[in-house]
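Trainee: Line by line, the protein sequences are chains A and B.
All you need for my numbering is the position in the first sequence, starting with 1, plus 122.
All you need for my numbering is the position in the second sequence, starting with 1, plus 64.
Hints were generated in silico from the structure; no laboratory data involved.
It is possible that part of the hints are untrue.
[What the hints assert, rightly or not] Not close to chain B: a few residues of chain A, all C-beta gaps over 12 Å, as computed:
id	residue
1	Q129
2	D132
3	N133
4	F147
5	I163
6	R215
7	A221
8	T229
9	F253
10	F293
11	A328
12	G339
13	L341
[As the list claims (entries may be wrong)] Chain A stretches covered by chain B per the calculated footprint, using a threshold of three residues with CB under 8 Å from any CB of chain B:
id	segment
14	188 to 201
15	306 to 319
[Said to hold, decoys possible] Pair by pair, the computed Cβ-Cβ distance ranges are:
id	chain 1	residue 1	chain 2	residue 2	range
16	B	V103	A	L228	56 to 64 Å
17	A	A337	B	L163	24 to 32 Å
18	B	A72	A	Q331	47 to 55 Å
19	A	G181	B	Y471	26 to 34 Å
20	A	G334	B	S386	29 to 37 Å
Values in this document were obtained by computation on a predicted structure and should not be read as measured data.
All residues carry an ideal CB built from backbone N, CA and C; glycine is no exception.
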Amino acid sequence: MSEATQQLLDNLNALACGLFLLTGFGIVATRQARGCLLLFIVQSLLLAASAALLGMRYGSGHLYGVALVNLVSKPIIVPWLLRRTSPAEVYTRREIDQALNIPVTLTIALALAVFAYFLGVPLANAAGAEFRGPNVPIGIAGLLLGAFTLTVRREALPLLIGILAMENGAFLAGISIARDLDMLIELAIATDGLIIVFIMGVLVRAVQQHVGTTAVGELASLRERGVESSASPEANP
Amino acid sequence: MSVVFILALPVVAALLVLLPLGKRWMSGVTVAACLGNLVVVARLAWSVVGGTPPLRLGEPGWSQWFVADGLSVLILLLIALVATTAAIYSVGYMAHGNLQARKLRLYYANYNFFVFSMLAIPLLAEPTLVWIVVELTTLCSALLVAFENTREALEAAWKYVVLSLMGAGVALLGFLLLFAAMQAGGGGVYTWAGLIVAAPRMPPILLQTAFLLILIGLGTKVGLVPMHTWLPDAHSQAPSPVCALLSGVETTAILYVILRLFPVMQAVPQAHVETWALVLGLLSVGFAAFLLLQVHDYKRLFAFSTVEHMGIILAAIGLGASAADYGAMQQIVNHSVTKSFCFFAAGATLLTVHTRDIAAVRGLIRRSPAAGAALVFGGLAIAGAPPLAVFLSEFAILKAALAQGQYLATALLALFIAIAFFGVMLHVNRIVFGVAEHAGPQDSDSAAQRTGPGLPFSCGLALILAAVPVLVLGVYVPEPLHRLLTMAAAALTR
């Protein structure tokens, strides 16, 4: 492989990673639940693209496998599973009252990305010279943004996508530094993601049936001085 | 071979449960599978104690994916034991509500899958595979936590899933970094044993970051303060036998994964992992001790006590002395057997009074002597009263801490344990012996009338079976168990 091709592949990979970071920001801030899902699908495609490009760059057939697994499981099976398990209402929801307004959310998200850069670069350097791509810092940023999504969103679907986005982030870092991980394990992790979607879809359906909302983040009756004390008159004599 | 058997049995049982052969079939298959597993695990433990481990580790081939040393066999034994008593308890407890067969089938199938995922944690040797089964424990138990489909149960299940998976995401990055560290250090077999060998050659920064990510990520699932917020909810809303599994052994099994990293991290003395463990442990004990004082729900009382005990174990490991390590292993055993008993007792109370509210229950001993006596016994045992199991191990840990010269840690630990003792006994005493000052007109009258035909037989049997180790381990530790504990404690150092 010529020097120029390597350079091109590196640049393309950097582009995929950059776009990956943007989708991470999008998932935090998009109000429309369906928009969140779309952004997640784009993010998974970018992850697959990055894996394929790295596979080409380092001649690793194993990374092609990772790309294929991601290509099949997340953009295709995840939406299908969601449709089968969770109520249709989760798609149409629009979040008016997030925990923080959007400018504040995005500012904090930006700070997280900067933090991830300073955390990720020394780690990538310690792992070896060939890992100095953008994958590790952006992967960590993706992980943190996913976690941040979980703290600010209230609707079921964006919360589920936050969890899957965290996993995507960990993977984006993983395809660069843990290249030789067993294929069996990659497959198992992908299956695990599908089980997450299934179980959470079932839970959301149960919540909608028995509580009548899909804003699961707003359920807050369990605490030390919550419903238990108000339910019984003797609690506070 | 026995390893494959241990993992296959619960899966087969889960599939058999799905056959439409009636309610007795489901509970019968589950109890039989758990009992069978207990026998196989006990034999495995016996051979490990006898010095003939059944697997030659590190050799290429399928056996390199499994581990059966003292530490993992100890955890395995506890899981199999509690799974058996909880299965027996389930028979009567779940028959109580007159559930539909379909709903009950969901319960037993999930129960068996949950047991499978927990048994796989100590058996697997490959860290990323362990991560996957840790995820599976969350996913298999989520529907069990939500089983009652009340608003509170669903909220608890949702919080449990979201926070556990969030932690797992953080831990995944940690495990991938661990793998990268191994590759950077010249490679090797990516197993617990391989990590210990390769640790001195790994870049310290990668190892340190990986450890912290895993400690925070899996610490969420262990219920360490400040990541504990979901634990009292999930561990109180699930059906009581499931609470026994969640609190008694699931937390312990996840803590085991963190413990596996301690010998690896000793290659990097500048990382101060012991200090991290000590601080996080003391924080958990202290926080839980004060929260115990203000609970309103007796199942939450025992859930907070789990946070406290996880803290005690982690703090003991953080002391870094071999005597404290032994005490921590003993505490793991005693906590599991005692906590499962406590939740059985809490379930018996719930069957009698139909409320979880501490303020609504007074004079339980007069309404149901069995439930009342069990609750007092469980409260005393988990709080650490002298002739019972937990006292012995807590005493061993405090003694080791003093011998180590860690006076501040000893004082804090002793203080928090005393506060927790007071908190648990305060509430239990009120429930069991208290006199209702102004009997709530609708509450206690109707509850008294609803008092059913007494405790189901299988619940009583499970309570008696679970009480035996609590009593016995309080007065003496059998020689084989002592050897197993010693081996497990030795696995915590290089």
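Trainee: Could you let me know if the closest chain B CB is still more than 12 Å away from the CB of A/A221?
Mentor: At roughly 14 Å from the nearest Cβ of chain B, A/A221 sits farther out than 12 Å, so the non-interface label holds.
Trainee: Between A/A337 and B/L163, does the C-beta distance stay in 24 to 32 Å?
Mentor: holds (29 Å)
Trainee: Is the nearest CB of chain B more than 12 Å from the CB of A/R215?
Mentor: holds (16 Å)
Trainee: Confirm or reject: A/D132 is not an interface residue toward chain B, with every Cβ-Cβ distance exceeding 12 Å.
Mentor: About 19 Å separates A/D132 from the closest Cβ of chain B, which puts it past 12 Å; holds.
Trainee: The hint says 47 to 55 Å between B/A72 and A/Q331; measuring C-beta to C-beta, is that right?
Mentor: violated (35 Å)
Trainee: Can the suggested window of 26 to 34 Å be confirmed for the beta-carbon pair A/G181 and B/Y471?
Mentor: violated (60 Å)
Trainee: For A/A328, is the shortest beta carbon distance to chain B beyond 12 Å?
Mentor: The claim is violated: A/A328 sits with its nearest Cβ about 6 Å from chain B, within 12 Å.
Trainee: Decide, holds or violated, for the assertion that all CB atoms of chain B are farther than 12 Å from the CB of A/F293.
Mentor: violated (8 Å)
Trainee: Mind verifying the non-interface call on A/G339? Its CB should be farther than 12 Å from each CB in chain B.
Mentor: Nearest chain B Cβ is 8 Å from A/G339, so the label is violated.
Trainee: For A/L341, is the shortest CB-to-CB distance to chain B above 12 Å, so the non-interface label stands?
Mentor: It is violated; A/L341 is separated from chain B by about 4 Å at its closest Cβ, not greater than 12 Å.
Trainee: Just to be sure I understand the hint, the distance between the Cβ atoms of A/G334 and B/S386 should be within 29 to 37 Å; is that true here?
Mentor: Roughly 56 Å apart at Cβ, these two residues miss the hinted range, so it is violated.
Trainee: Per the stated criterion, does the least C-beta distance between A/F253 and chain B lie above 12 Å, as a non-interface residue requires?
Mentor: Violated: least Cβ distance 8 Å, not greater than 12 Å.
Violated hints for the displayed structure, listed by number in ascending order: 9, 10, 11, 12, 13, 14, 18, 19, 20.
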